[in-house]
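The chain contents come next:
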Amino acid sequence: MSLTTPVLRELDSIFPGENWFFYWKTSSSLWKSKLEDFSSRVVLCPINWSIHHKGHEDIDFLGNNPEANLKKLVSVIRELGKEAIFLLPLGPAPFLPNGGVPHVLSRFPSLNKENAIYGVADPEGRINKMYSFFDNRVFLGFSFFVSKLGEFFYQENIEASVYGIQSHYLEGSEVCDYLTDNSRVFDDAFGRYLKEEGNRTVAQNMKKAKALNPGELEIKAKKEFFSSIKSLYVSCAQEALEGYWERSLPYIFVGGGHRDLLSRAFDFDESEIFSSGLFESLVRDFIPSSVLLPEDKKKEIIKRQFREIVEKCINVSVFQKELYIDEGTSQFLPYHTFEFYHYLQSEKFWSSIGVLPILKKQYPFTYKICTLDSLTFFEDKDYSEKVIFASGLGLKLKGLNTLLKIFMNGGKVLLDVSEMDEGLLKKLELFILENKLNSEKINFKCALEHILLGEGHFLTFYGKTLSPLSQNSKNTFWERVLNVFGLKCLKFKGGEDLLSFWNKRDANSLDLDYDEVRRLNIYNPTSYKKKLKITLEKNFSLLKVLDQIQSSVTTSHYQIDVKVLPGGSLSLDFGVFS
Amino acid sequence: MNNSEKTNLNFFEKDKILVIYDKLVDDNGHDSYHLHYAFNKHGHLEKKALEAIFEEYHCDEKEDLSLLGGFNTISDLREYCQKLIQHFQVTDVVLLTLETYNHSIESSPDLISLKNGLLDKGETIKNKGQNGARKLFLRKFFN
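Chains as they are written, first to last, in the working numbering: chain A, 12 to 589; chain B, 4 to 146.
Just to be clear, a hint being listed does not mean it is correct.
[Claimed, not checked] Think about it this way: if two alpha-carbon atoms lie no more than 30 Å apart in a straight line, the pair counts; the simulated DSSO-like pairs of lysine-lysine are:
| no. | chain 1 | residue 1 | chain 2 | residue 2 |
| --- | --- | --- | --- | --- |
| 1 | B | Lys26 | A | Lys234 |
| 2 | A | Lys124 | B | Lys44 |
| 3 | B | Lys44 | A | Lys540 |
| 4 | A | Lys372 | B | Lys26 |
| 5 | A | Lys371 | B | Lys86 |
| 6 | A | Lys234 | B | Lys44 |
| 7 | A | Lys542 | B | Lys50 |
| 8 | A | Lys475 | B | Lys44 |
| 9 | A | Lys124 | B | Lys86 |
| 10 | B | Lys26 | A | Lys314 |
| 11 | A | Lys379 | B | Lys51 |
| 12 | A | Lys314 | B | Lys86 |
| 13 | A | Lys241 | A | Lys45 |
| 14 | A | Lys233 | B | Lys26 |
| 15 | B | Lys131 | A | Lys124 |
| 16 | A | Lys231 | B | Lys26 |
| 17 | A | Lys359 | A | Lys437 |
| 18 | B | Lys50 | A | Lys379 |
| 19 | A | Lys359 | B | Lys129 |
| 20 | A | Lys504 | B | Lys129 |
[Unchecked claim] One side only, chain B facing chain A, incomplete, derived with CB under 7 Å:
| no. | residue |
| --- | --- |
| 21 | Gly46 |
| 22 | Asp95 |
| 23 | Val97 |
| 24 | Thr100 |
| 25 | Leu117 |
[Claimed, not checked] Taking CB as the label site, the calculated pair distances span:
| no. | chain 1 | residue 1 | chain 2 | residue 2 | range |
| --- | --- | --- | --- | --- | --- |
| 26 | A | Ser538 | B | His90 | 43 to 53 Å |
| 27 | A | Asp69 | B | Lys86 | 38 to 48 Å |
| 28 | B | Lys26 | A | Lys206 | 45 to 55 Å |
| 29 | B | His90 | A | Ser158 | 56 to 66 Å |
| 30 | A | Glu466 | B | Lys26 | 54 to 64 Å |
| 31 | A | Lys409 | B | His90 | 29 to 39 Å |
Hints listed in this document are in silico derivations from the structure and should not be mistaken for laboratory results.
Just so you know, even glycine gets a beta-carbon here, dropped at the ideal spot from N, CA and C.
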């Protein structure tokens, strides 16, 4: 517990983290001087709806309020040789008072699924309450605001891109959406939605189902309604901003949960939780943000993590690589080997079949967990080093076709067919027959079918058979399966509670015969010394150890021993060759 | 040390746990009481410990781990709090309803107001048994 009141530096309030610039928090006459020392080429400016909202249908972007002058802001940024990127909140924004909703529209506080009011502490210790985006007035206000924003961009020929922000937080290991609203406002909006002509059958089905399955159909209908409203806000912004619109980005604001609010109020030390929050965000394919954390809570190691991972790596891969990278240089970008696809973006299923525990132990943070909806095939992506896990439950034909494309492009696909639709199973069998692919069927802990095509592997298995087995049995199963693929992935031993992050870049002329260079960042956020052994696989060569802080490395022919003291970190560069 | 820090110290000096809970009513009109947050001066209480105490008390497995509990009556919840007192060796548990918590958030512009708002309210559950108190004293004396 601190005995002195921390003094907030003005710069921390204006530049809260990850190259964000809160332009409204300083005088517009000081924008240039404040941004002169800003190291990044890209300035990320979240748009504060409230300060631009003057009154009913009166929006200010040109400077009746000088701090609302976006044209001047972009001009100042470009004058300094930098690029401006705007971030437009597409729902409640935890870093803004009233969640970003102008005061006149903030009528109904929104409630999370446990009926708690959203209260989020900003770095200055003020509590921002979130208001319901299911309030019709808020939606009308937002759509008017973005239409005016779009008109302003076109009329003034603003040279900037716009990304949407969808804000989330972590409550334990669960990702929660600030847009979620369990209040009467949501219920009223849902009621109106059911009364619409196209949705009346949904209401009728709910009435019929009530006797048999109380609530289940209603929960499903509410989820669909929620998704449709969420998409509505996105499409509203997209249509209004057309040529300026890039896409929407899912963010997790570390320190933004209810538990975090109580921790801040009672001054608990949650720095390890903040650190792991960053890595949990990455695993779930969200962009982590530290803008809610006050400076005194950002220990040195947390600052390093956000700087090295988010500022220098994630931001580069997300926001127009060409703005960050000069021609001829290669840039480290985030890298993971394993991807998990399930209709729910949840660890639970993958943990139950035993694959996630073994990955966490031997290949920590080398994976990301996604929803089936996000399963996409990219023409220009190298799938030869990717291992894709997919659950057949909820898988549609489009998803199956994507998995098959990945397989045919050299990817390793593992599909749990336990609860897969019979029709889809038949289509898969037909695919194997039509393409005259050789399949091997074996029974090892569960029924397996393996198909090989060049570098591509397609393996079906029965997760339901695996679930009841002991973790040791599951470990044996998955070790054998992963062995089949000949992964170019370094195995860890020990180092529990250490946090690690992989990134990679293409080899350049100085990298001799390597195909690529991979960098492993290791951090120790705990209060204890940690040791880790990395098995040096045959395709890997340790190139250098860098950015060592309170850590040491010893190497032998086949192993690297790493010791990291509390708060310590280091990076290891590996050359990877065929 | 400023006044808010003194308040914090005074509250937790007496080894208290603060519990925020909610009452839910199911479709059949049955009440159940669920824990949302529980913390003492050191921080949030470990979920595993809370669940273990709950399972020992309730002997049922709860799937929804984010809402610990499922107590049928407020008396059951108070009994559970007695177990918390014994396990964590504190003198009191302060029970706050979610409604109070929500009201405190709504009316608090900042963290200090929120903390003071929470500390002023709630139902205090004191350690019931003399034996309990004696054991607590002996445990502390010999540790």
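| Which hint numbers does the structure go against, in order from smallest to largest? | Hints 4, 5, 6, 8, 10, 12, 13, 15, 19, 20, 22, 23, 24, 26, 27, 28, 31 contradicted; others consistent.
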